[in-house]
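Based on the hints, put chains B and C in the right spot on chain A.
The lines below spell out each chain.
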Amino acid sequence: MKSVMGGNALRIRGIAIICVAGLLAACGSSTSSNDSGTNTASAPGITATTITIGSTQPLTGRAAPGYSEISASSNAYFQYVNAHGGIFGRQITYTYYDDTYNPTMTASLTRKLILEDKVFALFSALGTPTHLAVVDYINSQKVPDLFVSSGCNCWNDVSNHPYTFGWQPDYTIEGKILGQYINQNLGGKKVGYFYQNDEFGLDGVKGLDAQLGASSVPDASRQNYVPTNTNVGPQIAALQASGAQVVVSFSIPAFTALALLGAAKVGYHPIWVVSNVGSDVTTLTGLLKSFSKGAAGVQLLGGMVTDAYLPLTGDTSNKWISLFKGIHDTYVSTLPWDGNVLYGMAQAYTLVQAIKAAGRNPTRASFVKALESTKLSGGPGLAPFGFSSSSHLGYLGVQVATIAADGTQSTAGPVYTSSDSGPISQYSGSASSPPANGIP
Amino acid sequence: MVAVRSRADRLVASTLRRHLLIALGAAVVLLLLSAQIGAYDDYNLTAVAIFAVAAAGLTLLTGLNGQLSLGHGALMAIGAYTTSLLLKDHRQLPVIVVLLISVVSAGVIGIAFGYAAARLRGPYLAGATLTLAVALPQVATRYKSIFGGESGLTVPPSAPPDWLGADFPPERWLAWIAVAAAVVTMLLLANLLRSAPGRAFKAVRDNEAAAALAGIDVARTQVLAFVISAACAGLAGALFAYWSGITSPAGFSLSLSLQLITAIVIGGLGSLAGAVWGSIVLVFVPLLTSGLASSVHLPSAVADNLPLAIYGGILVIAMLVAPHGIQGALRRILAIGRARREHTPGGGQKGVVDWDDPAPGT
Amino acid sequence: MSRFFVLSLTGLTQGAIYAAMALALVMIWRATKVINFAQAAMAMFTTYLALFAIDHGAPYWVGFLVALLSGLLLGAIIERVLVRPVESAPPLNVVILTLGLLLFLEALAPMAFGGQIRSFPPAFSIVGLHLGNSQVAFSPFDAFTLGAVLAVMVLLLVLFQKTNLGLRMRASAFNPEVSGLLGIRVGRMLTLGWALASLVGALAGVLIAPSLLLYPTFMDDVLVFGFTGAVIGGLDSAVGAVVGGLLMGFALSYVGGYFGSDLETVGALVILIAVLMVRPRGLFSLQRLRQV
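Top to bottom, those sequences are chains A, B and C.
Here my numbering is used: the first sequence runs in plain steps of one and ends on residue 864.
Here my numbering is used: the second sequence runs in plain steps of one and ends on residue 365.
Here my numbering is used: the third sequence runs in plain steps of one and ends on residue 298.
Possibly wrong hints are sitting among the right ones.
As the list claims (entries may be wrong) - Computed cross-link-like contacts, DSS-like style, restricted to lysine-lysine with a CA-CA straight-line distance of at most 25 Å: (1) Lys147/B / Lys630/A; (2) Lys39/C / Lys205/B; (3) Lys168/C / Lys39/C; (4) Lys793/A / Lys780/A.
Hints listed in this document are in silico derivations from the structure and should not be mistaken for laboratory results.
Chain A extracted, bound-state conformation (with noise of 0.2 Å):
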């Protein structure tokens, strides 16, 4: 079955390139006159047929697990938009670099990608140490850097970085909605934090802080980790020794199993709120099947909160959820089809609305500027993007959810949004539908 799917999506690869050819006359006609015309090489990265692109992501190494699935399903999502006939007519080219999550790997080959393959712009660079080494000189030469992959609020500060641009929630403001729900919901009880020693967890954890008030956890219910140090038993024993009922955790998905199971070890079962990042539940529940023997397997995943800003990957009713689904299928059917390839295609499907919204013959400064005006539209997401000239933010907020003890996800409460430091407020527009061809 798998091969003959592959097959089949080499053959309308195959098949496309010849359709390109005939579909670039085609499209002109089909689209709004201020757009008309043929295609230009209007800026580097882009000719008459092809527009590239290029990120660095950690493809090998300590980040490459669950994370290298990204910019493969990114990839996938153009080929797909490719065999579609593109963009305009253009073909989307995808060049990604392995920076191993290697702050100076990611400088060097952010050069190569600029200077050497004259990429038009930067798509979803992953990791936050890693960008916040290369954003400066980005904007330095003008450079889109579009949707970076990381949820640090470092990515919107427009007068600094005016060529970069945010995608995910930032941490801070799913720790306030996360916040705001235990205060809600699970309010009287010790809270307890769990959080990678870093922009990751620091920044989520100012986000909670700032709901929960800072003053009520105390030192001692602060526990830490270095994803370069696995043994997280310490950290649990002191929550536990805490007291803590409820502990938060900002933590990438390893690290939320790994305290799920150093937990169960000692007896202790708090209730966990753990941030989108850290709770895939095809992950968890990929790396806790395993210990099913004496009572620590998938069910330990019962009764967490959660939140997201993308639709479930297991809810198949779901219109966006079959469209991504159905590709990957395609195209990647090698990998797992989890929360990681849904946010590549999500993060794809935004980049091709944005390259639509800017026009035919888009140059660098024009496309920046029209993805600040263009008022876009969240596409999968729950929540609109926070794009304007003034705010490079970019999903505003987040839908709390909850995992069952068999994994099945359901969402509780409505979409809340916010800004790092303005007031939650609950977003009333409702979610949208793919449109027919999936493509924007």
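For chains B and C alone, coordinates are given in the frame of chain A:
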């Protein structure tokens, strides 16, 4: 080395002059080259120069003095953090001042490490330096307020001086600085190796007891080698900070230290030229294969890992087919050529045999 | 006090794994004077093979055996095919060769088995035992881990000290020329040394995989701390490796628990330097003159 030494005997009086001429020639060629190539190639040329500085220092320590360091990345980190901290508060500090202070700070810390290292041999020194490479970045992670934590410290680029014109590419300016630093380092090291301390380094490597009998202070020689090597690493680290624009713990992981030791062995252990060859391999092999990762014709798990598999495979094969590294292979080729011309079979073979001497302590 | 107890138990189990890794490194060092950096990737690869078997329906113990046997085989093949040809090359070459092999295997594993983090089943429950009313941080699986490492150590000790084969292996490592003259097939003994060391490494892999989770670089830290343990103990001493490994386990656990997990490696460095400044060839070495 013997091949070089036999020539050196004839030229010994003019060694300094010869080194100066070579250095000057290299500098001119590289300067002209840097003006011909694009900004990206300048950037890579800078990387080669930086790694050459670090690898040359390591060559002195490991190749010529026989102290195996698997933690030179940590010494580079000291130079890089010194640079970054200096520039954090004094953005306008001239490059040369920043570089010199970084060299001194790494050198001073090198004295402490050197004294510890002089007590250790072979794998024990390897273990200690390896642990250093693993531990030191964690200090930067721990003390966030000073060292910037996981995200590190950003380093402002060194702007080209006004007289070069407003359009002068900053990459070329940095390439000039790095190449100049590399040439000066090589010149100083090459002369040092021809002088009394240099001979003492090798004597200690070859036989400590004999060296001591000959009146060489073994421990002091080893500390000196370590300090000089650390200073080189500090210079490389400082340049590295300018080059990457960021100084962060992940940039100085164990893999950087292991890359440096790889460079000097792949290039040809014990020769400064080998350090340069190794640095070229270190910079360009990964770049040449990096494009394979985004291939859509392979399953992503294969494409993602192919560059790393190739790199690892190259190391294994290189050790099997070219045990004396690139410089060793070149010498062999040159020696065969010379032997043919002069009808003296094996004219340069002695040099090769010399390489077979086991490094001490192992 | 209870905190100290928890940290001690964690340290003990972790230390057993470091001890196994240290032992694997020491065995190879004694046989061929090589620091085998590839040991991390070899153990990782054999653990993946075990998981592959288990995924395809094999019971846990079959997977366990697959790991050990493939470890034995992998060690033998690597010694025979890759290490033997560079035996006479400068010693640093073997270091680079094993580093290359480490990177190669770490790239090969995700190609063959997928790039996701995987969980590896434990042989027994990982839920802590009940001691009176409280649950302690020591599970049946931890007990198995300790027991397995201990059993392997005893078996190796018996092999090396009490059997003829062990005597021949020790002789081959100690003086290959003389051993060859005495009719010992030195090459075969060295291959066997690598194979057994690799088996111990594979054991460490399957034992630690449940608590670290399985991914291509999952054994790298175990290698670093195992190596540190081996150096502390003295590279020529099997007993030293075990003691050094256990010491690392306890030390890292206490440092992590009392000073923060980000300082564990710094703690390892301080301890290592402290030991080496007093005993430059490790705790259990004979303080003899360095051979030149």
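Distance restraint between Lys147/B and Lys630/A, which requires alpha-carbon spacing of 25 Å or less = Roughly 16 Å between the alpha carbons, so the hint for Lys147/B and Lys630/A holds.
Pairwise hint evaluation, Lys205/B against Lys39/C, where the allowed Cα distance is 25 Å at most = Holds, at about 22 Å.
Given the proposed pairing of Lys168/C with Lys39/C, does the C-alpha separation stay at or below 25 Å?
-> holds, 23 Å
Is Lys793/A within 25 Å of Lys780/A, Cα to Cα?
-> Since the Cα atoms of Lys793/A and Lys780/A sit roughly 13 Å apart, the hinted pair holds (cutoff 25 Å).
Of the numbered hints stated above, none is contradicted by the structure.
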